[in-house]
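What follows is the residue order along each chain.
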Amino acid sequence: MAEHQYRDEFEKYLKQQVDRYKMYPNDRIWGKLQDQLHGKGRWPQFSFTALILLVGISSGLLLLQRDETFNAPLAGNVGQSANSNNFVETLFDDQHSWNADFVASNQQTNKSTVEPVSTTNNIDNAVTYGEPIDNIAATTAAESLMANDELKDDNSTGYDLANDHINHFTIAQPVDLLAQQTDDDAQHFDNAGVEHKQTLSFFDPAQAQQMAENAPTNFANKTTIKIKQPNRWGVQIYAGSSVSYRQLSDNTERAKDPHSAAPIDNSYLLSINKLVNQKPSIGFEIGVAGVLNTSKRLKLRAGAQFNYRSYNIEAFTIAPRVNAPGQFAQVVIDPGYALNKTGDNMTAVELQNQFFEVSTPIGVEYLIAGNKNIKFSVAATVQPTILLNRDAFVISEDYKTYNEQPNVMRNFNLNTSLETFVSFRMGSVQLQAGPQVRYQVLSTYNNNFHLNEKLIDFGFKVGVVKSIF
Amino acid sequence: MRNLSILVGSLNTSMTEEALIVGCIKNNPVAQRELYGRFSPRMLSVCYRFAQDRDDAEDMMQEGFIKVFTQMHTFQNKGSFEGWVRRIMVHTCINYLKKHKKFNDSVDLAYAGSVQIREEMVPSIMQAKQIIESIRSLPVGYRTVLNLYAIEGYSHQEIAEMLEIGESTSRSQYTRAKAMLEQLLIKRKIMEPQKQSFEMLLASHR
Numbered sequence: 001m002a003e004h005q006y007r008d009e010f011e012k013y014l015k016q017q018v019d020r021y022k023m024y025p026n027d028r029i030w031g032k033l034q035d036q037l038h039g040k041g042r043w044p045q046f047s048f049t050a051l052i053l054l055v056g057i058s059s060g061l062l063l064l065q066r067d068e069t070f071n072a073p074l075a076g077n078v079g080q081s082a083n084s085n086n087f088v089e090t091l092f093d094d095q096h097s098w099n100a101d102f103v104a105s106n107q108q109t110n111k112s113t114v115e116p117v118s119t120t121n122n123i124d125n126a127v128t129y130g131e132p133i134d135n136i137a138a139t140t141a142a143e144s145l146m147a148n149d150e151l152k153d154d155n156s157t158g159y160d161l162a163n164d165h166i167n168h169f170t171i172a173q174p175v176d177l178l179a180q181q182t183d184d185d186a187q188h189f190d191n192a193g194v195e196h197k198q199t200l201s202f203f204d205p206a207q208a209q210q211m212a213e214n215a216p217t218n219f220a221n222k223t224t225i226k227i228k229q230p231n232r233w234g235v236q237i238y239a240g241s242s243v244s245y246r247q248l249s250d251n252t253e254r255a256k257d258p259h260s261a262a263p264i265d266n267s268y269l270l271s272i273n274k275l276v277n278q279k280p281s282i283g284f285e286i287g288v289a290g291v292l293n294t295s296k297r298l299k300l301r302a303g304a305q306f307n308y309r310s311y312n313i314e315a316f317t318i319a320p321r322v323n324a325p326g327q328f329a330q331v332v333i334d335p336g337y338a339l340n341k342t343g344d345n346m347t348a349v350e351l352q353n354q355f356f357e358v359s360t361p362i363g364v365e366y367l368i369a370g371n372k373n374i375k376f377s378v379a380a381t382v383q384p385t386i387l388l389n390r391d392a393f394v395i396s397e398d399y400k401t402y403n404e405q406p407n408v409m410r411n412f413n414l415n416t417s418l419e420t421f422v423s424f425r426m427g428s429v430q431l432q433a434g435p436q437v438r439y440q441v442l443s444t445y446n447n448n449f450h451l452n453e454k455l456i457d458f459g460f461k462v463g464v465v466k467s468i469f
Numbered sequence: 001m002r003n004l005s006i007l008v009g010s011l012n013t014s015m016t017e018e019a020l021i022v023g024c025i026k027n028n029p030v031a032q033r034e035l036y037g038r039f040s041p042r043m044l045s046v047c048y049r050f051a052q053d054r055d056d057a058e059d060m061m062q063e064g065f066i067k068v069f070t071q072m073h074t075f076q077n078k079g080s081f082e083g084w085v086r087r088i089m090v091h092t093c094i095n096y097l098k099k100h101k102k103f104n105d106s107v108d109l110a111y112a113g114s115v116q117i118r119e120e121m122v123p124s125i126m127q128a129k130q131i132i133e134s135i136r137s138l139p140v141g142y143r144t145v146l147n148l149y150a151i152e153g154y155s156h157q158e159i160a161e162m163l164e165i166g167e168s169t170s171r172s173q174y175t176r177a178k179a180m181l182e183q184l185l186i187k188r189k190i191m192e193p194q195k196q197s198f199e200m201l202l203a204s205h206r
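Those sequence lines, one after another, are chains A and B.
Residues in the first sequence are numbered from 1 upward in steps of one, following our numbering.
Residues in the second sequence are numbered from 1 upward in steps of one, following our numbering.
Same shape as in the complex, but just chain A (with noise of 0.2 Å):
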């Protein structure tokens, strides 16, 4: 630009008179500057860590609920917990529909058991198939009573319970039992819906309803029926190592902008990528996730994780410049470090960018093929980030140095991976392990950058899957 001559007194005049005239802004410019600069303050941060804490606590509960109990008391609100009559028939359609491999892992927990007092003398006179539970509770609460009545003044009834069960009216031995009891009734007890529906019938509802309501009224406080549900969460545990690389472009529209703060360098003749020099370098990645069967072969899942992502630059020092004394104070600028060897005292460096991330993967797995040991499956997820760190090295303007200028770095990004793995079952868990690659959607860099970062990554997971409830 050439300094300030006045070409004539108009100009001059011109000059003078616009130079003296202030504007003052309004202050939500300012706001606006430092969101660009800053983010736009702390609520998004505080949403995500709170939607990571989350994922993260709700995963934590997966793993140590393994039970999904229904307190129902008996003859009360068994009815209103269970108010479908066809609530265990579904119960055990459920179960052959569900996805095999949650079945089978479960093989002992999943036989939903409605666990009665064992009247086991009763399962022969099965009225109902199907009866409602409500009526099994309250028959279940009726023949207890009955039970423990007639056991206290004459223990012939034929009744085949269990002192406990006759103490404290609870409820905890399995059909699966009841039907190992009944052995020589095997014509009842082909498959499991079979066994259980056929223990769930009971005698007349009526009289239990009677039998019911002369029951003490702490009774239904006491007893509990568990129903144990077909598997289909489970909790996700996984690592992965990767190695990251990086593809620059430029930013097209910050391109079009003719200023610029410095000539560009000579070498910057075809793609920025020609230009610099960088390495790949190890990274890794670690995370929880919650998995959904939603059928046999698709399963969605949503989790938090940690990644690290890393790769090396070559560059070259450069001495310092100071500032001639005077106009400023003697400010000795770090330069940074030159991308091209251009003088004989630069020596060369190795950079390291690293980027620590926490991000929430949501996406969905899909079974191609297996059998009920091995499977093989591809999934693909989207992970909104956060950086968590800004300390990496960028390209300056004139494409002649690395600085680092945290001010730059974009806080959220959104990353994709794609993934493909093999799991074998290992008892109640699953192992995985598969290729993946993820890439990063956004560049690393804001919009107001001149160049546009993308990272790649190539990595191997390995993950432990258990099935919850």
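Hints are computed from structural coordinates only; laboratory data are not their basis.
Check the hints yourself; a few may be wrong.
[Stated by the list, open to error] Here are the simulated DSSO-like cross-link-like pairs (lysine-lysine), alpha carbons at most 27 Å apart as the crow flies:
(1) 187(B) <-> 22(A)
(2) 341(A) <-> 187(B)
(3) 274(A) <-> 454(A)
(4) 279(A) <-> 341(A)
(5) 189(B) <-> 15(A)
(6) 466(A) <-> 375(A)
[Unchecked claim] Quick look at which bits of chain B chain A covers, simulated, 3 or more residues with Cβ under 8 Å:
(7) 25–39
(8) 42–52
(9) 59–72
Values in this document were obtained by computation on a predicted structure and should not be read as measured data.
We put the CB at the ideal spot given by N, CA and C, even for glycine.
Got chain A sorted already, so can you dock chain B onto it with the hints?
Chain B only, in chain A's frame:
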């Protein structure tokens, strides 16, 4: 910090310009706020002369300050810091006008000769304000060239590159813009019509 270190402590308790620069390079919000407060009134005035209205001017200034803060490390102490900031603002204004097709909205640079000035747009508030509003009332192409040449001090060659027009076009546009502005200032009684030289005008306002 690795990038910057103070060798000689000439920094006063109040933030000097160099301290502000150092702070802004460190992305210090306090330094950024101070620098913004110090320069924004003048920079908004600069942007206002290029803009269609105040909202546009504020958008331009906001965009300009983003560039100032993000490119602070490239300031090499060649010339004044305010000049550097101002240059960024001017370029931002030009880009803004191009990006939002402001040149197309009004009058193309090459065909603005017959445009009449709307005198009613010029408020009679104060001398400087009147002059600025007079400049702003010019067609966008005219006022851009006039702003760049007469006030910001760019050469016609530089203006031609910035606006992607011919150098001769820049010269002719400036000649017309200047004549149009003179005419307007005379009508607004800011300038005496019989005065061919601006020396007397300048002296009268000193």
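Outcome of the hint check:
no. : hint              : verdict
1   : 187(B) <-> 22(A)  : holds, 25 Å
2   : 341(A) <-> 187(B) : violated, 63 Å
3   : 274(A) <-> 454(A) : holds, 16 Å
4   : 279(A) <-> 341(A) : holds, 18 Å
5   : 189(B) <-> 15(A)  : holds, 19 Å
6   : 466(A) <-> 375(A) : holds, 15 Å
7   : 25–39             : holds (count 5)
8   : 42–52             : holds (count 5)
9   : 59–72             : holds (count 8)
Consistency note: the structure conflicts with earlier hint 2 alone.
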